[in-house]
Amino acid sequence: MEALSSLIGGFSVLADPMNIVYMFVGITLGVLIGVLPGLGGANGVAILLPLTFSMTPVSAIIMLSSIYWGALFGGAITSILFNIPGEPWSVATTFDGHPMAQKGKAGEALTGAFTGSFIGAFFAVLLITFLAPVIAKFALQFGPAEFFAVYLLTFCSFVGMGKEPPFKVIAAMMLGFALAAVGIDTVTGQLRMTFGSVELLRGFDFLVAVIGLFGVGEILLTMEEGLAFKGKSASINARVVFQTWAKLPKYWVGCLRSAIVGCWMGVTPGGATPASFMSYGLAKKFSKNGRNFGKGELEGVVMPEVAAHAAGTSALLPMLTLGIPGSPTAAVLLGGLLIWGLQPGPLLFVEQKDFVWGLIASIYLGNIAGLIVVLTTVPIFAAILRIPFSVIAPIILVICAVGAYTVHNAGLDIAVMLIFGVIGYLFKKLNYPLAPLVLALVLGDMAESSFRQAMLVSQGNLSIFWSNPLVGSIVTLALVMLFWPIIGAVMQRLRPGGEKPAAAE
Amino acid sequence: MTDHAHGDHATDSTEKTVTNRTMDVVVALAFMGLAAVVMSDSWRIGARWASDGPEAGYFPFYVGLLMFIASAGTLATALFTKHPDLGNFVDRSQLKSVMQVLVPTCIYVGLIFVLGIYLASAIFIAFFMWWLGKYPIAKIIPVSIGVPLMLFMMFEVWFLVPLPKGPLETALGY
Numbered sequence: 001m002e003a004l005s006s007l008i009g010g011f012s013v014l015a016d017p018m019n020i021v022y023m024f025v026g027i028t029l030g031v032l033i034g035v036l037p038g039l040g041g042a043n044g045v046a047i048l049l050p051l052t053f054s055m056t057p058v059s060a061i062i063m064l065s066s067i068y069w070g071a072l073f074g075g076a077i078t079s080i081l082f083n084i085p086g087e088p089w090s091v092a093t094t095f096d097g098h099p100m101a102q103k104g105k106a107g108e109a110l111t112g113a114f115t116g117s118f119i120g121a122f123f124a125v126l127l128i129t130f131l132a133p134v135i136a137k138f139a140l141q142f143g144p145a146e147f148f149a150v151y152l153l154t155f156c157s158f159v160g161m162g163k164e165p166p167f168k169v170i171a172a173m174m175l176g177f178a179l180a181a182v183g184i185d186t187v188t189g190q191l192r193m194t195f196g197s198v199e200l201l202r203g204f205d206f207l208v209a210v211i212g213l214f215g216v217g218e219i220l221l222t223m224e225e226g227l228a229f230k231g232k233s234a235s236i237n238a239r240v241v242f243q244t245w246a247k248l249p250k251y252w253v254g255c256l257r258s259a260i261v262g263c264w265m266g267v268t269p270g271g272a273t274p275a276s277f278m279s280y281g282l283a284k285k286f287s288k289n290g291r292n293f294g295k296g297e298l299e300g301v302v303m304p305e306v307a308a309h310a311a312g313t314s315a316l317l318p319m320l321t322l323g324i325p326g327s328p329t330a331a332v333l334l335g336g337l338l339i340w341g342l343q344p345g346p347l348l349f350v351e352q353k354d355f356v357w358g359l360i361a362s363i364y365l366g367n368i369a370g371l372i373v374v375l376t377t378v379p380i381f382a383a384i385l386r387i388p389f390s391v392i393a394p395i396i397l398v399i400c401a402v403g404a405y406t407v408h409n410a411g412l413d414i415a416v417m418l419i420f421g422v423i424g425y426l427f428k429k430l431n432y433p434l435a436p437l438v439l440a441l442v443l444g445d446m447a448e449s450s451f452r453q454a455m456l457v458s459q460g461n462l463s464i465f466w467s468n469p470l471v472g473s474i475v476t477l478a479l480v481m482l483f484w485p486i487i488g489a490v491m492q493r494l495r496p497g498g499e500k501p502a503a504a505e
Numbered sequence: 001m002t003d004h005a006h007g008d009h010a011t012d013s014t015e016k017t018v019t020n021r022t023m024d025v026v027v028a029l030a031f032m033g034l035a036a037v038v039m040s041d042s043w044r045i046g047a048r049w050a051s052d053g054p055e056a057g058y059f060p061f062y063v064g065l066l067m068f069i070a071s072a073g074t075l076a077t078a079l080f081t082k083h084p085d086l087g088n089f090v091d092r093s094q095l096k097s098v099m100q101v102l103v104p105t106c107i108y109v110g111l112i113f114v115l116g117i118y119l120a121s122a123i124f125i126a127f128f129m130w131w132l133g134k135y136p137i138a139k140i141i142p143v144s145i146g147v148p149l150m151l152f153m154m155f156e157v158w159f160l161v162p163l164p165k166g167p168l169e170t171a172l173g174y
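So the protein sequences, as listed, match chains A and B.
According to the UniProt record's numbering, the stretch in the first sequence is residues 1 to 505, in order.
According to the UniProt record's numbering, the stretch in the second sequence is residues 1 to 174, in order.
For the record, the hints were derived by calculation from the structure and aren't laboratory data.
Among these hints, one or two may not hold up.
[Claimed, not checked] Computed list of lysine-lysine pairs in DSS-like fashion (alpha-carbon distance at most 30 Å, straight line):
no., chain 1, residue 1, chain 2, residue 2
1, A, Lys295, A, Lys284
2, A, Lys428, B, Lys96
3, A, Lys250, A, Lys285
4, B, Lys82, A, Lys163
5, A, Lys295, A, Lys250
6, B, Lys16, B, Lys82
7, A, Lys428, A, Lys163
8, A, Lys428, B, Lys82
9, A, Lys428, A, Lys284
10, B, Lys16, A, Lys429
11, B, Lys16, A, Lys163
12, A, Lys284, A, Lys137
13, B, Lys165, B, Lys134
14, A, Lys288, A, Lys250
15, A, Lys428, B, Lys16
16, B, Lys165, A, Lys429
17, A, Lys429, B, Lys82
Taking the hints into account, I'd like the entire structure generated from these sequences.
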């Protein structure tokens, strides 16, 4: 059990009391971010990233990942009490969570949601603990062709598994790649798409893009909906918590199912949002109380939360082992690793053992800490939501501007952020996905250089992508994913009256 | 941004702006234009296959090409579908709300370059609370001064990250 001993080593990293303090600060900030509209896991971490430059990488990643866990927890509070999903992945939680709150069972719904989140995260971190070292060891043998194949699979999965029209997914993704290419070409040193501008030499930083797309864009959308916070009051006491916990064990089959769905969607970049919807749909289909879903069933609150948290957590698995993030927030964390001088990927498990296992151990502790924090502080966060939007909105916009500036100490980035904000608003309205754009912007350079290295090895022969069974099967799988919308449509036509094929398989 | 050519008179005419289809076409055309720029610049620096492998413009050229094809697909879908989405892209009142945030934010970003981020933020928050929230001065002052002050403490004092400053901070000796 090599993984277990490494994990114990990881916990010893956490013995530093400062790291525990950072963890609690991170969780609290994360819940706050999750509760406020316009601030979410991805842009919240992006804004706070520059503040961690003076910390050690271990402390910094503990704090930033704790913000992520906190944001995952926090989204449920607004969904249940205010019927406003604080995060996209908590939309499914509103279906049953808010009806429960209206019936006066807000405490029960919140306890169910938080505990569900915890179960999902715990399942996913077990997966990371035992699977990550194996994958990392395996990936050590990867050459550029294999890495490019994995990148290809990542991007093709967006086309195959996204809910959005495939053409729009590809267009958004290519926009990300094109923006990533702006600036100095890393291989030949040539200038690309700078059009003689000095400002464009730096290229586009994805952190600025994330803050604009998710932060400013979200504020504009919220403004359009003209929402007024009219929430239910929340009170959680120990009795409600224990009563709810007593009900949970009978949902174990559903929890397991949701956790598996979540982990699958998290590792492949499906993401937490589709995972939560899929899990809700499956629970509705299989549960004995399926008919009551939507009217305030505890099960309908727990299941999407389990899946969302499992997906959010397991998104770190491909990031740590292969250097390919499974979600925009994981992408931001990856950006952090690069800034601290750590190259994510299989070598991380060999060269930075303390760092990797400290992070994994902090996921265990962070989720326990998160559960305690949210269960005890819900009324405070609910009170924050009562602050009117006309006060919160300008403050969030100011924070976004500060965040965009601090990435490179460049004033122009604030204007760039604003442009990305408008793009984010338009894209959301027209059903263009944001996640592929962000991931392409992050991974563009790496995907390109692995492609060019592979081409150098093979002297320009594309057959290198089928040169051995491993790379061949990944590339083939990627192509199946890419053409899945067509394959799926053909299969549906061949089976008249047949059910729509499940997207995850 | 009004467009009466695609008029769908079933919806309330006072709330009409443009249809979703029109916006889809506009954005797809913008994508295609951008793709053309990407392709032409990549072609300029060399997008072919040199003796030592792909040239610098090779990868971006095909990125641009794919973007062009995909957006042409979106364009064709929007134009030739049997069930075009003629729903309203954004209601007039909604657009007004969005502009109420967007326009002041643009001015705010401009002000940052002149006044520095702290003073600009104070003015921005105060304006927002006064204009949209209709708050009394007694509530506006503490929030609009408190938030930038907290940012100042956090960034300049604790974490030693400098933010853009203007004449006011210079006068105060920062």
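Each hint tested on the structure:
{"no.": "1", "hint": "A:Lys295 / A:Lys284", "in the structure": "holds (12 Å)"}
{"no.": "2", "hint": "A:Lys428 / B:Lys96", "in the structure": "holds (18 Å)"}
{"no.": "3", "hint": "A:Lys250 / A:Lys285", "in the structure": "holds (17 Å)"}
{"no.": "4", "hint": "B:Lys82 / A:Lys163", "in the structure": "holds (21 Å)"}
{"no.": "5", "hint": "A:Lys295 / A:Lys250", "in the structure": "holds (20 Å)"}
{"no.": "6", "hint": "B:Lys16 / B:Lys82", "in the structure": "holds (22 Å)"}
{"no.": "7", "hint": "A:Lys428 / A:Lys163", "in the structure": "holds (13 Å)"}
{"no.": "8", "hint": "A:Lys428 / B:Lys82", "in the structure": "holds (24 Å)"}
{"no.": "9", "hint": "A:Lys428 / A:Lys284", "in the structure": "holds (27 Å)"}
{"no.": "10", "hint": "B:Lys16 / A:Lys429", "in the structure": "holds (16 Å)"}
{"no.": "11", "hint": "B:Lys16 / A:Lys163", "in the structure": "holds (28 Å)"}
{"no.": "12", "hint": "A:Lys284 / A:Lys137", "in the structure": "violated (40 Å)"}
{"no.": "13", "hint": "B:Lys165 / B:Lys134", "in the structure": "holds (29 Å)"}
{"no.": "14", "hint": "A:Lys288 / A:Lys250", "in the structure": "holds (12 Å)"}
{"no.": "15", "hint": "A:Lys428 / B:Lys16", "in the structure": "holds (20 Å)"}
{"no.": "16", "hint": "B:Lys165 / A:Lys429", "in the structure": "violated (36 Å)"}
{"no.": "17", "hint": "A:Lys429 / B:Lys82", "in the structure": "holds (21 Å)"}
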